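Read off the chains here:
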Amino acid sequence: MVKKISKRRPIPHFLRHKKHSKKPGQAPGTLHFTGEKRIENVQLNLCDYDIDQLGEYDITEIEESKPYLDSPSKTWINVLGLHDVEKLKHIWNYFELHPLIQEDIINTNQRAKIEEYPNNMFFVLRMMVVNEATGQLDVEQVSIVLSKNSILSFQESDYPIFEPVLHRLRNGAPRLRNHGPDYLAYALIDTIVDYYFKVLEHFGDEIEALEDKILEGFDESIPEQVHTLRRKLIYFRKSVWPLRDSLNSLIRDESHLIQDDNKIYYRDVYDHLVQINDGIENYRDMVIGMLDMHMSQVSNRMNEVMKVLTIIATIFIPLTFIAGVYGMNFEYMPELSIPWAYPAIWTLMILTTAGMVFFFRKKDWL
Amino acid sequence: MVKKISKRRPIPHFLRHKKHSKKPGQAPGTLHFTGEKRIENVQLNLCDYDIDQLGEYDITEIEESKPYLDSPSKTWINVLGLHDVEKLKHIWNYFELHPLIQEDIINTNQRAKIEEYPNNMFFVLRMMVVNEATGQLDVEQVSIVLSKNSILSFQESDYPIFEPVLHRLRNGAPRLRNHGPDYLAYALIDTIVDYYFKVLEHFGDEIEALEDKILEGFDESIPEQVHTLRRKLIYFRKSVWPLRDSLNSLIRDESHLIQDDNKIYYRDVYDHLVQINDGIENYRDMVIGMLDMHMSQVSNRMNEVMKVLTIIATIFIPLTFIAGVYGMNFEYMPELSIPWAYPAIWTLMILTTAGMVFFFRKKDWL
Amino acid sequence: MVKKISKRRPIPHFLRHKKHSKKPGQAPGTLHFTGEKRIENVQLNLCDYDIDQLGEYDITEIEESKPYLDSPSKTWINVLGLHDVEKLKHIWNYFELHPLIQEDIINTNQRAKIEEYPNNMFFVLRMMVVNEATGQLDVEQVSIVLSKNSILSFQESDYPIFEPVLHRLRNGAPRLRNHGPDYLAYALIDTIVDYYFKVLEHFGDEIEALEDKILEGFDESIPEQVHTLRRKLIYFRKSVWPLRDSLNSLIRDESHLIQDDNKIYYRDVYDHLVQINDGIENYRDMVIGMLDMHMSQVSNRMNEVMKVLTIIATIFIPLTFIAGVYGMNFEYMPELSIPWAYPAIWTLMILTTAGMVFFFRKKDWL
Amino acid sequence: MVKKISKRRPIPHFLRHKKHSKKPGQAPGTLHFTGEKRIENVQLNLCDYDIDQLGEYDITEIEESKPYLDSPSKTWINVLGLHDVEKLKHIWNYFELHPLIQEDIINTNQRAKIEEYPNNMFFVLRMMVVNEATGQLDVEQVSIVLSKNSILSFQESDYPIFEPVLHRLRNGAPRLRNHGPDYLAYALIDTIVDYYFKVLEHFGDEIEALEDKILEGFDESIPEQVHTLRRKLIYFRKSVWPLRDSLNSLIRDESHLIQDDNKIYYRDVYDHLVQINDGIENYRDMVIGMLDMHMSQVSNRMNEVMKVLTIIATIFIPLTFIAGVYGMNFEYMPELSIPWAYPAIWTLMILTTAGMVFFFRKKDWL
Amino acid sequence: MVKKISKRRPIPHFLRHKKHSKKPGQAPGTLHFTGEKRIENVQLNLCDYDIDQLGEYDITEIEESKPYLDSPSKTWINVLGLHDVEKLKHIWNYFELHPLIQEDIINTNQRAKIEEYPNNMFFVLRMMVVNEATGQLDVEQVSIVLSKNSILSFQESDYPIFEPVLHRLRNGAPRLRNHGPDYLAYALIDTIVDYYFKVLEHFGDEIEALEDKILEGFDESIPEQVHTLRRKLIYFRKSVWPLRDSLNSLIRDESHLIQDDNKIYYRDVYDHLVQINDGIENYRDMVIGMLDMHMSQVSNRMNEVMKVLTIIATIFIPLTFIAGVYGMNFEYMPELSIPWAYPAIWTLMILTTAGMVFFFRKKDWL
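Chains as they are written, first to last, in our numbering: chain A, 1 to 366; chain B, 1 to 366; chain C, 1 to 366; chain D, 1 to 366; chain E, 1 to 366.
By construction, these hints were calculated from the structure, which means they are not laboratory data. If you're wondering where the values come from, they're calculated on a predicted model, not measured in any experiment. Even for Gly, the Cβ is constructed at its ideal location relative to N, Cα and C. Among these hints, one or two may not hold up.
[Claimed, not checked] In silico DSS-like cross-links for lysine-lysine, where the CA-CA straight-line distance does not exceed 27 Å:
id, chain 1, residue 1, chain 2, residue 2
1, E, K89, A, K238
2, C, K362, D, K363
3, E, K113, E, K89
4, C, K263, C, K113
5, A, K113, E, K263
6, C, K362, B, K362
7, C, K213, D, K213
8, E, K238, D, K238
9, B, K23, B, K37
10, D, K89, D, K37
11, C, K238, D, K89
12, A, K363, B, K213
13, D, K113, C, K198
14, E, K198, A, K37
15, E, K238, A, K113
16, E, K362, A, K362
17, E, K113, E, K87
18, E, K23, D, K198
19, C, K113, C, K37
20, D, K23, D, K238
21, C, K113, B, K263
22, A, K238, E, K23
23, C, K362, D, K213
24, A, K23, A, K37
25, E, K213, D, K213
26, A, K113, A, K23
[To be verified] Computed beta-carbon distance windows for the label pairs:
id, chain 1, residue 1, chain 2, residue 2, range
27, C, D245, D, Q53, 45 to 53 Å
28, A, K89, E, N149, 32 to 40 Å
29, D, D52, A, D253, 36 to 44 Å
30, D, H90, C, R252, 30 to 38 Å
31, D, A209, E, I59, 43 to 51 Å
32, E, D260, A, K89, 23 to 31 Å
33, E, I338, D, P339, 24 to 32 Å
34, C, D58, D, N109, 33 to 41 Å
35, D, N178, C, D205, 49 to 57 Å
36, D, A209, C, Q259, 52 to 60 Å
Sequences and hints are given; from them, build the entire structure.
Put into C-alpha cells, the structure is as follows:
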C-alpha cells in the first residue's frame, strides 16, 4: 500500500574504511602492503630519453636499468603492482630509498603529500578515474620518487594513467624531452590532476541528476543518495586538499631538485587544484542545500495530505452528525413528520458544504 | 484540488557546470576553446594614445599594430571573440606570451587571478552584467595582459564592456591619458568591478522580492527559488573572492610593471571588492534565514490546518456519538418515550458544543 | 477562526539596500552623493583652540578659515550636510584632498576604514544612534580627515553627534586642549563608539523582549521578527568589524600623524570595539537559539493539538461504532429484546472510556 | 488536560545585559561605577612580606601603607568594594595609575585583558564561583595592578577569593615569599583560574542532568533550559577566551615587570585556560546535540500519537460504515430478513479488524 | 502497544567528566592523583641498552638505577601506577623534575602536550586502546620525560603498551639500539599513535553499523546512539589535536634534546596524526549526516502513517454519511420505498470509492 524504501545502493568500495596494516609499535619502515593485489606480476617499464632519442624497455630485474641510469640521459621507471613486497624492497634498496618512503609507497591509505629527503623528492597522490564501464570511480595510489637524473613511479594496477605523457614523449614534445626529470614529474602530476577535473564533472552530473529527481517527484531513497554523494565529495576533497597544500609549500620553498623556471608549471597545477577545490566546496554547499530542499518537499507533501484529510473530514463530519440526529428513535420528534423536512435537511446539508468550500477557498486550501 | 508544484524555472546558463576541455595528460598550453562562439569573427580594436592624441583603429591583422607598438605612445588592443584559436595563436605569438597565459585566456572556466610573468602582468577576471532585456546575468571571461608599454585585452563577445573607459579617453581624461598602461589596466578592472555593484543590487532586489513573497503567502516553489538564489550567490562570490585575494597580494608585493603611486588606485578597487564581498556574505546569511522563515511558515500553516481539523472533529464526534446512542433499536430504552427527551438532547448537545468552544478559546485556538 | 499573520513591520530604512551611485567605468573620484538630503544648507562649524583659548565660529565660505588654519592653534571644521557636491568640492580642493578621499566622503555606503594618505589620515565611520522618539536606529556616515594641524569632519545631517566633545572643549578639558588634533580625532571616534554601546544595549533589550514573547505565548510573526533582528545585528557587525580591524593596523603601524603616546587611547577604543563585537556575536548566537526555541514551541503546540484530537477521536470512535451496531435494522438481533441490554451497553461504553483514559494516563497524555 | 509550560526559571542575574555607564563623548577615565554596591565600606587589607616575615594589616587610609611600600619587602594591598569612587580615586592617585586603568577597574563589564603601562602591568579578570548555597554562579570582576615592588588588587565584594593564597603566605610557602610580586600576581590569577575548573565541573553536572532528563521523559521546558545553559556557556567562554589570548601574548613578549623564570608559571596558567576552553567547546557541542536529541524525541512522540490515532480510526471507521449501512431504512433490503445476517456481519467485522491488525503488525506499528 | 524507548546504554566511563583535583589557590606542583588506582603497587621496569647489550631489571627503589644512569649506555625506566604519590615524589626528586612536570604527570585529565624544560623534554599523551573483551575503549594517560641519556615513562596501569618496543629492543633492532633516547621517545609515541589507528577503525566500524541500522529499519534509540558516538569522536579528537600541534612546533623549533636527523621520524608521527585527524573530521561529518538521514526517515514514516489515515478516513467518512442519510427517520423520504434504491446506493458507494482510489493513485499515494 505504501512504497517500500528503495533497495540500498552499495556504498562505493573506496568509501569503505580500510584497515591500517601496521601493528602498533612496529618499526617505521616495516613493510606490509595494505591494498589488494590488482595485477598478476610486478611490471617494470623503463623509459630512457633525452632531446635526441627515446627508448622504451620492459625489464624484469631492476639491475637491468643500470646502463640507462649511468648514462646522462633521463630515465623514468614506472613500477606497476605493489603486492610483491620482496621484489619492491629489492628495487627500493637498489635506489637506496629512505625506509619512511618505502613504508609510504606500500601503505595505500596515504594522505597526498610531497616530502623532501636528502637525495629525493617524494610525491604521493591519489589517482581518481571515472570508470566508463561501471560509472563508478576507480581509485588508486600513485607514488613518484624524483632523483637527480631519474624518476621512479609506482602504481597499484596496470591502468594506463601515464599513457598520455608517454604519447607526448614519443611524439618528441621538445619541452618534455629537454627539461630535467622535475619537468617530467610535473607532467605526471598534471596528468593526475587533469583526471580530477573529469571526476569533478562526474560529480556535477550526479548532482544535477539528483537535483532534477528531487524537484520532479518524491523518492524515499533521496536522503541516502544525498548522504552517499556527500561522503564521496568529502573523500574527493580529502584527496585534493593535502596535495594543494603540499604544492603550495613546494612553490614557496627552495628545492635543489626542482629548477626555479619549472616552478611556474607547478604553480599552474596548484592553480588547477585551487579551482577543483572551489568546485568541491561549491558542490558541498549545493548538496547541503539539496537536503534542505528535499525536507521541505517532504513537509509540503505532508501538508498536502493533511489538507485533503481535513477538507474531507471537515465537510462530512458535521453532515454525518445531522443525519445522525434524525436517525434517533425518540417518539416525540416533531420534525420527522413535517413533509418538507427531508428536502429541508438536504438543503441545509448542501448549504453547510458550500460554506465549508467557501471557507477553504478563502484559506487558499482549494 | 491541491496546487501543483510550480513549473521549474530554468537554472541560469552560467550555473550549469561546464566541461573542462583539456584532456588528461595534454601538454600545458594545449589550446582548446572551452566557451561558445559568441561573435562571428575575431575583432581587433586598437587604441593608441598619449596625453596629446588619441587614435582608434579597427585592424584585421595583428602585424598592423607594429607602428603603434614601436611608438612611445601607449597602445591598447582589445580582442573580441575567443573561438578562432588559430588567429589568437598568431596574436599571442606575436606578443610572445607564455604558453600558460595562452591556455588561461582560452579556458573560460578560469578562476580570477593575477599572475606575474617575466615580461607581463596577466589578469583574468569574470565580467558579470545584468542583461536589462532578460533580467538575467550575462557572464563572460575577460583577460588583460599588461606589458611595458601596451595592453592586450580579450573578451568572449562584443559586449561593450570597456566603452566607458574609451569614452573617458576620448574626452581627454588627463589622468588616464597621462599615466602608463598600468593605470589603464586599473581603469579596465575598476569598470568590471563597478558592474559587480550592479549585480549586487540585482541580487538585493531579488532577495527583497523573495522575502516579500515568503511573508505574503505560500508558494511551493520557494525552496527551489531560494536554492537557485543561493547558488547564484555562491557563483558570484567565487568570481569576487579570488580577485580580491590576488589584488591584495598585488598591493603588498613589489612589481616592476605597476608604479607605486598607482597602487593607491588598486587599493581602492580592492576596497570595493571587500565591500562587495561583505554584501555577498550578508545576502548569504539572509538567504539562509529566508529558508528558516519559509519552513516556519510551512509549520504554521500545518498547525493551522491541524487546528481546524481538531476543532471540527472534537466538536462533532461526541455529538454524533450521542445521536448514535438514541438511534439504537433496543426495545427497552425508557428515554425514547419521554416527551421532553428530544429537546433535552438538543440542549445537552448545545451545552457540549459551548463547553468545547470555551475550552478552545482558553487554549487560544479560536 | 484562525489568527492572521500579524501585519508586516516595516523593515528599518537602513537595512534596505542602497543603490551604488557610480556608473560602471566612471573615473575614480567622480563625485555623486548617494544618500538623501537631510539638511537644508551645508553648514560649517569652525572651532579653533589651544590650551589657552577656544573660539567657535559659524562660517559660510571655507576661505574664512584661513587665519585659523595659519595660526599655530588647532582648528576643527565640522561640515554638516553632504548633498551640495559643488560646495563640498570647493572645500576639498581648498584642502587639496585626494580624489579617492572625496569619493569616499560622499559615497555613504562606505565600509568603515582608516587610510593613510601622504598628508592626511582619513577615517570613515558609521554613526548609529537610537532615536529616542521612534525607538529606531538613526544611521549616518561620518568622515574625519586628520591633517598636521587641523581636523575636517563631515556628517550627513545636523545631528549633534560631537556635542559632548565640544562641551568638554568649552569646559577646558586640559588633555583635549593640550594634545594635537590626533587626540581630538580619537575623542571624536570614541564618541561614536560610545554610541555603539547604547545601540548594543538597545539590541539587548529587543532580544530580551522577544525572548519573553517566545516563552510566554505563541505569535506567528516571531520568525519574521527574529529575521529582522538578525539582519540588524549583521548590519551592526558590518559597521563595527572593519573599524576594529583598521584600528588594529593603526595601533601596530608607524604613523607620522598620530603620536606614539596617544596610541594608548586608540588602543582603548580598539578594546571597546572588541567588546562590542563580542556582544554582537553573543547576541547573534542568542538569536539563532531563539529561532530553535520558537520552532520547538511550535512543535510542542502541534503535539498538543494532535493529542487533543487523538484523545477525543480515540474515545468516541469506538463508542459510536457500538451505537451504530445496535442501530442496525436486522430482524433477528436477539440482544435488542433483552430488557437489561440497554443499561449493559451503557456500562460497556463507560468501561471502554475508563480503559482509554487509563491508557492515556499511562502514556502521560492526560 | 494538557500540561502547561513549566514556570519560567529566572535567567541568572549575570546573563542579563548590563548598562554601559559611560555617556557617549565623556572623557576617557571618567569614573562611574557600573556594578552594584556589594559591601558597606571600602576595605583595605595590606599584606607585607618577604622570605623572613609576614605582616597583615587592615588600614583605613591609603597613606598608612607608605612605610611598607618604602621598605624593600613586597607589599600587597587588596581593596574590597568598588562603589565609593571618591575613596578609590584617592588610592589610584596615590599610586599614580593611568586614567584608563582607573576607568577599567570601575567598569565591571570589562573584557578580561592584560595591558602593559609604563610603570604597571594591569590585569582584569572575571572571578566565577559556584555559590554552594544557591547552586548559582557568583560573578565579580577582579583587577590586579602589578608594580615594581607591590601589588594592588580590587574586588567588588568581600568574597574571600584570595584566602588560599594568604593561607599559603602565612604557612611560609618559600616560593611565594621568595619571588617578587610577579609571582604573587601569578598565584592570584592561578587561584581564579582554578575556580574556573569548578565552574566547568558545575556545567558538566548540569549537562549530564539535563541529558538524563531528555532521555527519561518529556518536559516542555527543555528547549528553554538548553537555551539558558547555552547562554551560560557562551558567557563563560567570553570570560575565559580573552584571558587566554592575553596570557599568550604575555608569555611571548618581553616584559620588564615579569621575570623570565616566572614565565613558566604563567605558561602553566595558560595551559589550564586552554584546557578549560577545550572543555567549554566540548560542552557547547554537547548542548547543541542535546537540542537535536530533544527535537527527535518530540518527533518520536508525535509519531506515536499519530499511530494511536491512525490505528483506532482505521479499525473503527470501516466498521462504523458497515453498521451504518444496515441502519438504513430502505424498504427493500433483503439482507435484513436473513436470520444469519446479524452473526455474519459480526464475523465480517471481526475479520476486517483482524486484517487491519495484521496489516499494522506488518508495518511494525503494533 | 507502542514500542518503548530502548534501555539507555551506559555512557562510556571516559566520557563522564572528571573532577579536577586541585583545590583553588593551591600551590603549583601540589600533588594529588586525580585518577583511580589501577594497579596494586607502583612498579619500576628498568631497561638499559646500547648497540651491544640489553639488560632488563625490575627494581623496587629508584636508587638502584644509579649504576645504569651513570654508565654511558641509555636507560629507560618505565613506572607503572600513579596512585602512590609519596613514592612517585621520591622518584621525581631523584631526577630533579620541575614541580609543574610533577603536577602534570599525576593530573590525569591533562591535555596532550610537549614542553621543553631546561634539562628535560616532557611529553603527555593519552593512550587509547580498544579493549577486545568489552569492545569499549580503555583510556589512560602516559607521560614521558626525556633527559640527556635516559627516559622516564609513566603509565596509570600495567597495560603492556610498550611491549612492542621492548620486543624490538630485545630482537636487537639496530636503529633503536644505536640512536639516543630521543629515538626511543619517538618509538614510544609512535606506538601510542599506532593504537589511534586501531581506535579510528573501531569508530569506522561503529559508524557503518549504525548507518546500516538507520537504513534498515527504525529504532528510537538512534538519536541517542548518534549523540554518544559524536561525543566519543569529540573526545578522541581532543586527544589527537593538541598532540599534533605540539609535534608541529617540535619539528619546527630547535631543541637540544632531539637530534636533527631524528626529526624526520617525528615528522612521520606528525603525518600520522594529521591523517587520523582527517579521519576524525570525516567521521564527524558522517555522523552529522546520519542524524539528518534519521530525521528524514522519521519524517517519511510519519508521512506514511498520515497517508494511511487519510486514505481510510477519506474513503469511509463520505460513505458513512450516505448510510447515515438513509438511516434518518423522516416520514416522507420517497427514496426509501423505491425497490432499486438499495442497490443504487451500493453502486453510488462503490463508484465513490473507485473515484477516491483513482484520485489517490494520481496523487501517487497508493
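Holds or violated: E/K198 with A/K37, Cα cutoff 27 Å?
holds (23 Å)
Holds or violated: E/K113 with E/K87, Cα cutoff 27 Å?
holds (24 Å)
C/K113 and B/K263: Cα distance at most 27 Å?
holds (17 Å)
Need the status of pair E/K89, A/K238: alpha-carbon distance at most 27 Å?
The given pair, whose Cα atoms are some 47 Å apart, is violated under the 27 Å limit.
Keeping to a limit of 27 Å between CA atoms, is the pair of C/K113 and C/K37 held or broken?
With Cα atoms ~23 Å apart, C/K113 and C/K37 stay inside 27 Å; holds.
Just to be careful, I want the Cα atoms of D/K89 and D/K37 compared with a cutoff of 27 Å; is the pair within it?
Measuring from Cα to Cα gives roughly 16 Å; hence the hint holds.
Per the hint of 36 to 44 Å, is the separation of the Cβ atoms of D/D52 and A/D253 within bounds?
Violated - the Cβ-Cβ distance for D/D52 and A/D253, about 58 Å, lies outside 36 to 44 Å.
Straight-line alpha-carbon gap E/K238 to A/K113, limit 27 Å
holds (24 Å)
E/K113 paired with E/K89 [C-alpha distance capped at 27 Å]
Satisfied, since the Cα-Cα distance of roughly 21 Å is no more than 27 Å.
Holds or violated: B/K23 to B/K37, with C-alpha atoms at most 27 Å apart:
Cα-Cα ~20 Å, so holds.
The hint says 52 to 60 Å between D/A209 and C/Q259; measuring C-beta to C-beta, is that right?
holds (57 Å)
Hinted pair C/K362 and D/K213, Cα distance within 27 Å
Cα-Cα ~18 Å, so holds.
When held up to the earlier numbered hints, the structure conflicts with 1, 11, 22, 29 and fits the remainder.
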